[in-house]
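Student: Here the UniProt record's numbering is used: the first residue of the sequence shown is 1, the next is one more, and so on.
Since the hints were derived computationally from the structure, they do not count as laboratory data. Hints should not be assumed to be uniformly reliable.
[As the list claims (entries may be wrong)] Distance windows between CB atoms, simulated:
# : residue 1 : residue 2 : range
1 : Gln300    : Val387    : 39 to 47 Å
2 : Pro91     : Tyr311    : 56 to 64 Å
3 : Glu33     : Pro202    : 41 to 49 Å
4 : Gln4      : Met406    : 50 to 58 Å
[To be verified] Computed list of lysine to aspartate or glutamate pairs in EDC-like fashion (alpha-carbon distance at most 20 Å, straight line):
#  : residue 1 : residue 2
5  : Lys136    : Asp126
6  : Lys262    : Glu138
7  : Lys259    : Asp129
8  : Lys328    : Glu405
9  : Lys1      : Glu146
10 : Lys362    : Glu405
11 : Lys21     : Glu138
12 : Lys115    : Asp13
Beta carbons: idealized from backbone N, C-alpha and C, even for Gly.
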Amino acid sequence: KIFQAIVSCIGSDGTIYIIPKSFETALNKLMAEIQNTFKGLGLLIPYSWKKGEACVVRGSDTVWYRAKIIEVSGSILQVQYIDRGYIESIPQCHLYPTTFYTGIPPFCIPCQLYKTLPIGNFWQQDAVDYLQELLKNEEVEIHVEELPDNPWGKLSISLYFGGMSLSSFMAYQNYCVAEDGHDMQKLGVFEGDLSPSYLLHPLPVPGEIFPVTVTHVVSPKEIYICFDSPGNLTKYSATERAASHDSESLNKALKWCNKIVKTLPHLTNFKKELPCLAEYLDGLWYRAKLLSITQLVPVQILVQFVDYGTYLVAPSSRLRHIPCPLLKYPVQAVRVLVAGFRPASDDKNVERIPYSPEWSLKALWAMLDYVEGKHLSASILTLSPEVTISLYGDDKNLIHLKLIEMGLAELDE
1 KIFQAIVSCI
11 GSDGTIYIIP
21 KSFETALNKL
31 MAEIQNTFKG
41 LGLLIPYSWK
51 KGEACVVRGS
61 DTVWYRAKII
71 EVSGSILQVQ
81 YIDRGYIESI
91 PQCHLYPTTF
101 YTGIPPFCIP
111 CQLYKTLPIG
121 NFWQQDAVDY
131 LQELLKNEEV
141 EIHVEELPDN
151 PWGKLSISLY
161 FGGMSLSSFM
171 AYQNYCVAED
181 GHDMQKLGVF
191 EGDLSPSYLL
201 HPLPVPGEIF
211 PVTVTHVVSP
221 KEIYICFDSP
231 GNLTKYSATE
241 RAASHDSESL
251 NKALKWCNKI
261 VKTLPHLTNF
271 KKELPCLAEY
281 LDGLWYRAKL
291 LSITQLVPVQ
301 ILVQFVDYGT
311 YLVAPSSRLR
321 HIPCPLLKYP
331 VQAVRVLVAG
341 FRPASDDKNV
351 ERIPYSPEWS
361 LKALWAMLDY
371 VEGKHLSASI
381 LTLSPEVTIS
391 LYGDDKNLIH
401 LKLIEMGLAE
411 LDE
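Please take these sequences and the hints and turn them into a complete structure.
Tutor: Next up, the structure:
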């Protein structure tokens, strides 16, 4: 069985407590019921608590939770929140004994990693801290590998975050050994000698109008576009629905990569077109590919961010190996040429685009104004030798007509 779950906490022994996403509605309903039933403080009169007894606990967030007594020690009790997994020491005045809700099984499931042996046969504190920092309150994918011998035992699972195996990742960090290495190949972060490449984005059928965002403008004629996620997916083509799902999954995988990026090795191979992760000016890491070495001492490398089309010259310290699961998503930005216009032959503006001198800088700034942050649409005219499109503004008029009105371009029949 495979399902999505939220990691509620990591136990001090490395137990991973998860709440299946399918349980969320029922858990929220129960929590609302508990809040309506119990109000104010806990039990203020003396009470003889017993180990294993059911109770409700008023947490530090003033919310009541189901719990059970783990240990009795004077006026302080050790309790476990049975729907969250975590254990806490709490004064008696914040607890209330109850037999309410005892017929409802706990919503969180204790799990252990399948065929994964911690170094020293138990999870060290730094490994537990790392798991907590990496996984707490995050959504993950769970593959059930083996059921426990008794109903209160731990479920043996393989856990995947952003397409990466947790067992393999922790083994790479030297926190554990994956006993049979059954999913080591699924991690694939560190295969720098291979020459993987990105998948190209499937294109809509020529003539079909589809929503786009312009992510980068090279010149008024040459731009990079992304296929927008349409609000009502049912009326759009399979290509657009797939693009929307890919984009969402890619963003989740990139979020995970940004969490673990310091553990990924720096690039040592600077082969042209090699996929990598590169740090952008906002401090976040994105998918990129190497284009050329622009300087040898110190090394400076020109990269292109494949999901946006933008370029950056970066030192090697801002480039890292890309986890293989990130290669399964098609490149989000597609380079296209906009049809229907050419540079104005009588454009007297002397400031030109250095790498495309047939265009004035004024035309470039005007194009940026018309497309940046706008909801645009496009239709493909030709697929080869270049992808050529007609580009429409949010008023449904062709974008280039505005440049022609300004005298910065002319019609190209």
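Student: What's the verdict on Lys362 and Glu405, does the C-alpha distance respect the 20 Å limit or exceed it?
Tutor: OK: Lys362 and Glu405 at ~13 Å, within 20 Å.
Student: Could you grab the alpha-carbon distance between Lys259 and Asp129 and see if it respects the 20 Å cut-off?
Tutor: Cα-Cα ~14 Å, so holds.
Student: Would the hint linking Lys328 and Glu405 be met if the CA-CA limit is 20 Å?
Tutor: violated (44 Å)
Student: What's the verdict on Lys115 and Asp13, does the C-alpha distance respect the 20 Å limit or exceed it?
Tutor: This hinted pair holds, its Cα atoms lying about 16 Å apart.
Student: Hey, Lys262 versus Glu138, does the alpha-carbon distance stay inside 20 Å?
Tutor: holds (19 Å)
Student: Given the hinted pair Lys1 and Glu146, is their alpha-carbon gap at most 20 Å?
Tutor: Since the Cα atoms of Lys1 and Glu146 sit roughly 10 Å apart, the hinted pair holds (cutoff 20 Å).
Student: Taking 56 to 64 Å as the stated bounds, is the beta-carbon spacing between Pro91 and Tyr311 within them?
Tutor: Given a distance of about 60 Å, which is inside 56 to 64 Å, the answer is holds.
Student: I want to verify a distance hint. Is the separation of the beta carbons of Gln4 and Met406 within 50 to 58 Å?
Tutor: Holds - the Cβ-Cβ distance for Gln4 and Met406, about 51 Å, lies within 50 to 58 Å.
Student: If you draw a straight line from the CA of Lys21 to the CA of Glu138, is it 20 Å or shorter?
Tutor: holds (11 Å)
Student: Is the hinted range of 39 to 47 Å satisfied by the C-beta distance from Gln300 to Val387?
Tutor: Once the Cβ atoms are compared, 31 Å apart, the range 39 to 47 Å for Val387 and Gln300 is violated.
Student: Is it true that the CA of Lys136 sits at most 20 Å from the CA of Asp126?
Tutor: holds (15 Å)
Student: Tell me if the beta carbons of Glu33 and Pro202 are separated by a distance inside 41 to 49 Å.
Tutor: holds (48 Å)
Checked against the numbered hints above, the structure violates hints 1, 8; every other hint is satisfied.
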